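A.B. asks: As a plain string of letters, each chain reads:
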Amino acid sequence: MNTTKESFSNLFSLEDVYFDIEGKVILSKINVAIDNTGITGIIGPSGSGKSTFLRLLNKLISPTQGIVKFKDSDIAEMKSQELRKEIGMVLQRPFLFKGTVKSNLLYGPKIWNIDYIDPELVNLLDTVSLEADFLERDIEGLSGGEQQRVSLARSLANQPIVLLLDEPTTALDIVSEEIIENTLKQLASEGIKIIIVTHSLEQTKRLTEQLLFLKEGLLIEKTTTKDFFKQYNDQEIRSFFKNKEGK
Amino acid sequence: MVSQTLIDIWNSLRQANIWIRIALAFILLLVLISLSFWQKTKLESKLIWSFLRGTIQIVLFGSILSLIFGIRKLWMLYLILFLMCLFAAFTNARSYPYPRLFLIGFIAITSSSIVIMTLVMFSYIFPGFEGIIPLDPDTLELTGEYVIPIGSMVISFAMRVSGIAIERVKSDIIKSKGNIEAALALGDSPYRAIQNILRESYRAGLTPTINRVASLGIVTIPGLMAGMIIGGVPPVEAAIYQIVIFLMLLSASFITSIITNILFTKQFFTKKQQFDIEFLNKIAKLDNQTTGALLKERWKKWREKIKRKKKSVETTD
Ligand SMILES: Nc1ncnc2c1ncn2[C@@H]1O[C@H](COP(=O)(O)OP(=O)(O)O)[C@@H](O)[C@H]1O
Ligand SMILES: [Mg+2]
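Just so you know, the sequences run in chain order B and V.
Each step along the first sequence adds one to the number in my numbering, with nothing skipped, and position 114 is 1101.
Each step along the second sequence adds one to the number in my numbering, with nothing skipped, and position 313 is 988.
No wet-lab data here; the hints were simulated from the structure.
Check each hint, because a few of them may be wrong.
Said to hold, decoys possible - With the Cβ distance kept under 7 Å, some of the chain B side facing chain V (calculated, not the full set): (1) Val1012; (2) Gln1068; (3) Arg1071; (4) Leu1093; (5) Tyr1094; (6) Gly1095; (7) Glu1196.
Claimed, not checked - Below are the PhoX-like pairs computed for lysine-lysine, each with C-alpha atoms no more than 20 Å apart in a straight line: (8) Lys957/V x Lys941/V; (9) Lys946/V x Lys957/V; (10) Lys960/V x Lys947/V; (11) Lys960/V x Lys1011/B; (12) Lys1085/B x Lys850/V; (13) Lys1066/B x Lys941/V; (14) Lys946/V x Lys1066/B; (15) Lys941/V x Lys971/V; (16) Lys976/V x Lys1072/B; (17) Lys1229/B x Lys1202/B; (18) Lys957/V x Lys1011/B; (19) Lys947/V x Lys1066/B; (20) Lys947/V x Lys1056/B; (21) Lys1016/B x Lys1209/B; (22) Lys1085/B x Lys986/V; (23) Lys1058/B x Lys1072/B; (24) Lys1072/B x Lys946/V; (25) Lys1192/B x Lys1172/B; (26) Lys1202/B x Lys1016/B.
Claimed, not checked - With the C-beta cut set under 7 Å, the calculated list includes, among others, these residues of chain B facing chain V: (27) Ile1008; (28) Glu1009; (29) Leu1047; (30) Ile1048; (31) Ser1067; (32) Lys1072; (33) Met1076; (34) Phe1082; (35) Ile1098.
Every value quoted in this text rests on a predicted model; they were computed, and no experiment measured them.
Note that beta-carbon positions come from the ideal geometry of N, C-alpha and C, so glycine has one too.
Model the full structure from these sequences, guided by the hints.
C.D. replies: Below, the structure is given as structure tokens:
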């Protein structure tokens, strides 16, 4: 896909970012730059603000304070809808729209007037390892794993340059998880930037090259995955993942 | 004006057959009382009191109606319609206690009903057409006699239907939060992301009335038509009238629902095509306390109160 050298230095950068809801601080004093080397993981205990962090990147929420930059420009100045076309997002649950797989895949392209012919849609399904005959199937009849793959394909139909994923395989069986991970690796090798929230250390090891570690709304660590697992032993890492309630 | 009405009441009371009717009613009441006496039901004082009170109330109500029906000044007709809209919005906001619903309902109900009513009231300007709302035959003016009852029907209908639609939209948005966010994340606008939800809410609001229209004459004879026939209007004419009224009710309801839905759902989103999380949380909290549950609670409290009263009466006996 896009192999020309990009003219920006960082894919995302956050400068002194705070986020509160109803007076409660969810994220505080986040300063970080995410460049475009490989897949980036976001890890941390539940409730640490991972999903919130991810939503800041495609402007589903805006920081209470501070600046979020995409390709070196402040996203506050950009149109939300255009930003979201470039930045796809897959959530923990597929959230498909009623209807066929095809109508789901075409939801984004219709907004952006991107024309698709059926063979292209079949190719799209192929990237998430679904057969061509899925195109006309109703989403009601699909398994959870198949639905999540359709959800991923639906985001890809917009031809984004970045993909944000929020625990995409948490609710899935091992086989579906593996299919999705393989798809992500394939996409990364084609030049799509991927940022994935996960609470699985194994997934982190398998997929990511660098990771951000969040705890109680603070960015504790940003490092390469290799260094992270070299630096801390298993017990230390497990203790990181305990949140306040000890879960 | 008030004194004029009192004179009117007096004049109508002076007509002989009014007194014959009253006398007949009095005889019937006497019969009732003696029946009660005979059967030892001890209802005599209650009967007298109820009928005395009821008669005064209904005569007062009738005279207020005749006061309103006598209105011929256009600005006063509009003023009364406007006040009814205010009251309807107030009632709606009490049944559906969501942020800004009073103002939103007021804007929506007022604009749609006033538009519909104006169209209907001035339909007589079509050459050769005497108008949907009958004019005073002598002065050819619009009178409260027709404008106010029809207006109140249109307004209360629009209020109820838009209330149903709002309730539906609110719970559907909360239920489909994830899907809406998925649509936003694909670059959709909030308005388009909730199109399906809006569509379903209009269906929910309008379908019962549409079904009623389809069953007209077979299952139901609406009150208005029945009243007109009793009042001496030829049945076929009354039937056509009823259809026109239903069309007015449906269009006013539809317009009101569209306006309330658009203004109400706007609050769920920010200008940056995001969910307004705080608003959503606030509404979701209200949602756990549905209107139905609230009413049930009130009903329970009320019954307990009655029980307590009864008990205290029994113990004092
Ligand atoms: N819509 C919301 N309203 C109120 N609080 C929220 C909302 N979404 C998230 N939070 C709070 O923000 C914190 C971080 O949430 P989240 O980003 O979802 O964490 P994570 O994804 O790491 O589990 C949690 O304490 C959560 O309760
Ligand atoms: Mg999360």
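A.B. asks: Next step is simple, just say for each hint if it's right about the structure.
C.D. replies: Structure-based check of all given hints:
| no. | hint | result |
| --- | --- | --- |
| 1 | Val1012 | 14 Å, violated |
| 2 | Gln1068 | 5 Å, holds |
| 3 | Arg1071 | 4 Å, holds |
| 4 | Leu1093 | 11 Å, violated |
| 5 | Tyr1094 | 6 Å, holds |
| 6 | Gly1095 | 4 Å, holds |
| 7 | Glu1196 | 25 Å, violated |
| 8 | Lys957/V x Lys941/V | 15 Å, holds |
| 9 | Lys946/V x Lys957/V | 19 Å, holds |
| 10 | Lys960/V x Lys947/V | 24 Å, violated |
| 11 | Lys960/V x Lys1011/B | 17 Å, holds |
| 12 | Lys1085/B x Lys850/V | 14 Å, holds |
| 13 | Lys1066/B x Lys941/V | 18 Å, holds |
| 14 | Lys946/V x Lys1066/B | 10 Å, holds |
| 15 | Lys941/V x Lys971/V | 30 Å, violated |
| 16 | Lys976/V x Lys1072/B | 54 Å, violated |
| 17 | Lys1229/B x Lys1202/B | 9 Å, holds |
| 18 | Lys957/V x Lys1011/B | 15 Å, holds |
| 19 | Lys947/V x Lys1066/B | 8 Å, holds |
| 20 | Lys947/V x Lys1056/B | 16 Å, holds |
| 21 | Lys1016/B x Lys1209/B | 14 Å, holds |
| 22 | Lys1085/B x Lys986/V | 57 Å, violated |
| 23 | Lys1058/B x Lys1072/B | 14 Å, holds |
| 24 | Lys1072/B x Lys946/V | 18 Å, holds |
| 25 | Lys1192/B x Lys1172/B | 13 Å, holds |
| 26 | Lys1202/B x Lys1016/B | 12 Å, holds |
| 27 | Ile1008 | 6 Å, holds |
| 28 | Glu1009 | 6 Å, holds |
| 29 | Leu1047 | 6 Å, holds |
| 30 | Ile1048 | 6 Å, holds |
| 31 | Ser1067 | 4 Å, holds |
| 32 | Lys1072 | 4 Å, holds |
| 33 | Met1076 | 4 Å, holds |
| 34 | Phe1082 | 4 Å, holds |
| 35 | Ile1098 | 5 Å, holds |
Violation of the numbered hints given earlier is confined to hints 1, 4, 7, 10, 15, 16 and 22; the remaining hints are satisfied by the structure.
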